[in-house]
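Asker: If you read the sequence shown in this note's numbering, its first letter stands for residue 2, the second for the next number, and so on.
Don't read these hints as lab results, they were simulated from the structure.
For every residue, glycine included, the Cβ atom is placed at its ideal position computed from N, Cα and C.
Since no wrong hints were added, every one of them can be taken at face value.
No farther apart than 30 Å at their CA atoms in a straight line, the calculated lysine-lysine pairs in the DSSO-like style are these:
| no. | residue 1 | residue 2 |
| --- | --- | --- |
| 1 | Lys-295 | Lys-24 |
| 2 | Lys-22 | Lys-295 |
| 3 | Lys-155 | Lys-118 |
| 4 | Lys-162 | Lys-118 |
| 5 | Lys-162 | Lys-126 |
| 6 | Lys-162 | Lys-74 |
| 7 | Lys-126 | Lys-155 |
| 8 | Lys-74 | Lys-155 |
| 9 | Lys-126 | Lys-74 |
| 10 | Lys-118 | Lys-74 |
What follows is a list of derived Cβ distance ranges for each label pair:
| no. | residue 1 | residue 2 | range |
| --- | --- | --- | --- |
| 11 | Val-290 | Glu-156 | 52 to 58 Å |
| 12 | Ile-272 | Trp-106 | 22 to 28 Å |
| 13 | Glu-77 | Ile-109 | 28 to 34 Å |
| 14 | Gly-124 | Phe-37 | 52 to 58 Å |
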Amino acid sequence: MMNLAYTLTHYLHPQHSNNQKAKLLHTSSLFLLSIFLVIYQVILQALPLTGVKILGYAANISPDEVIRLTNLKRREAGVPELSYNAALSQAAKAKGEHMLANDYWAHIAPDGTEPWKFFTDYGYKYRYAGENLARDFSNPSSAIDAWMASPSHKENMLSSKYKEIGVAVVEGDLNGVETTIIVQLFGTQMVDTTSQVPIAQAKKEVATESAKLAQVEKITPTPTAFPAAPVSSEVTPTVFLEQTKIAGPVAESKSDRFHILLSPFKATKDISVALTFILLVVLIIDAIVVARRKITRVSGRSFAHIAFFGMILTILLLAKAGEIL
Numbered sequence: 002m003m004n005l006a007y008t009l010t011h012y013l014h015p016q017h018s019n020n021q022k023a024k025l026l027h028t029s030s031l032f033l034l035s036i037f038l039v040i041y042q043v044i045l046q047a048l049p050l051t052g053v054k055i056l057g058y059a060a061n062i063s064p065d066e067v068i069r070l071t072n073l074k075r076r077e078a079g080v081p082e083l084s085y086n087a088a089l090s091q092a093a094k095a096k097g098e099h100m101l102a103n104d105y106w107a108h109i110a111p112d113g114t115e116p117w118k119f120f121t122d123y124g125y126k127y128r129y130a131g132e133n134l135a136r137d138f139s140n141p142s143s144a145i146d147a148w149m150a151s152p153s154h155k156e157n158m159l160s161s162k163y164k165e166i167g168v169a170v171v172e173g174d175l176n177g178v179e180t181t182i183i184v185q186l187f188g189t190q191m192v193d194t195t196s197q198v199p200i201a202q203a204k205k206e207v208a209t210e211s212a213k214l215a216q217v218e219k220i221t222p223t224p225t226a227f228p229a230a231p232v233s234s235e236v237t238p239t240v241f242l243e244q245t246k247i248a249g250p251v252a253e254s255k256s257d258r259f260h261i262l263l264s265p266f267k268a269t270k271d272i273s274v275a276l277t278f279i280l281l282v283v284l285i286i287d288a289i290v291v292a293r294r295k296i297t298r299v300s301g302r303s304f305a306h307i308a309f310f311g312m313i314l315t316i317l318l319l320a321k322a323g324e325i326l
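With the hints as constraints, model all of the structure from the sequences given.
Answerer: If you want it as structure tokens, here you go:
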């Protein structure tokens with residue numbers, strides 16, 4: 002018990018054993034803490050490769066709220082609002098499920114499947130089309146803010162070329178991590194029918210199966226405006242559904258792997274906040290003790306060290322706050 006008390010005071014309180022400066026504030030300690038966080042991140046990234054499945058950032062994101070916030074940004078920019086299109090939402094859901102089924106995070110699938118295939122699969126004959134993607138955001142506004150901070154994604158969000166929008170949010174296993182993906186599709190049809198379609202609004206009821214397909218949760222952007230292209234007049238969504246069934250055994254085999262109920266994003270945030278809080282408390286105690294004892298130090302770089310460590314924590318938090326494409 003005495004040894005534990007001595008160790009705690011050695012690391013948290015200025016005294017003779019630590020040269021009148023809490024050991025936790027020494028450059029060597031801050032360096033070791035930084036190394037620990039880096040190793041922690043590497044381990045989290047490597048776990049899925051070993052067959053261990055970890056719980057990613059799951060969030061309750063409403064597609065309707067994503068649409069509402071998108072139109073809010075367009076109003077603020079003086080751009081006409083987008084109309085909701087059920088076919089685009091179905092296409093967005095199909096794109097999200099395709100990414101999960103084939104373990105990729107990109108606009109173009111490893112097999113060469115391009116974004117506009119999902120438009121045509123659901124009968125959307127476009128003059129202009131675009132896609133935004135996002136993953137692992139805790140709420141719709143943070144995803145919207147991330148897109149608006151990216152010039153290419155912002156261009157999609159505010160482009161006057163687009164008249165309609167569809168959004169889906171999907172959750173599932175992506176490369177061994179439970180992930181939330183938001184797919185945001187923009188489009189203008191060959192024959193513009195938006196004058197007969199109301200501005201996109203949150204829907205309170207889901208009455209049909211097609212409407213249920215629109216009730217997906219996740220967003221990801223693709224900042225590309227696709228030119229008009231000849232498309233088949235036949236709608237073949239069943240082909241895609243058959244492909245997802247074929248991929249079913251792969252998804253089932255993943256579920257057999259060992260699961261760890263750990264969110265790497267939440268865990269990183271919790272650890273970072275806890276370490277920052279501890280360091281700030283120790284820094285305050287250190288400053289009070291130094292002032293009372295009138296201790297003179299050759300070097301007083303505590304604030305510089307804390308600022309440096311805080312910068313590392315900020316980088317780690319931002320790196321895991323979410324991703325956009």
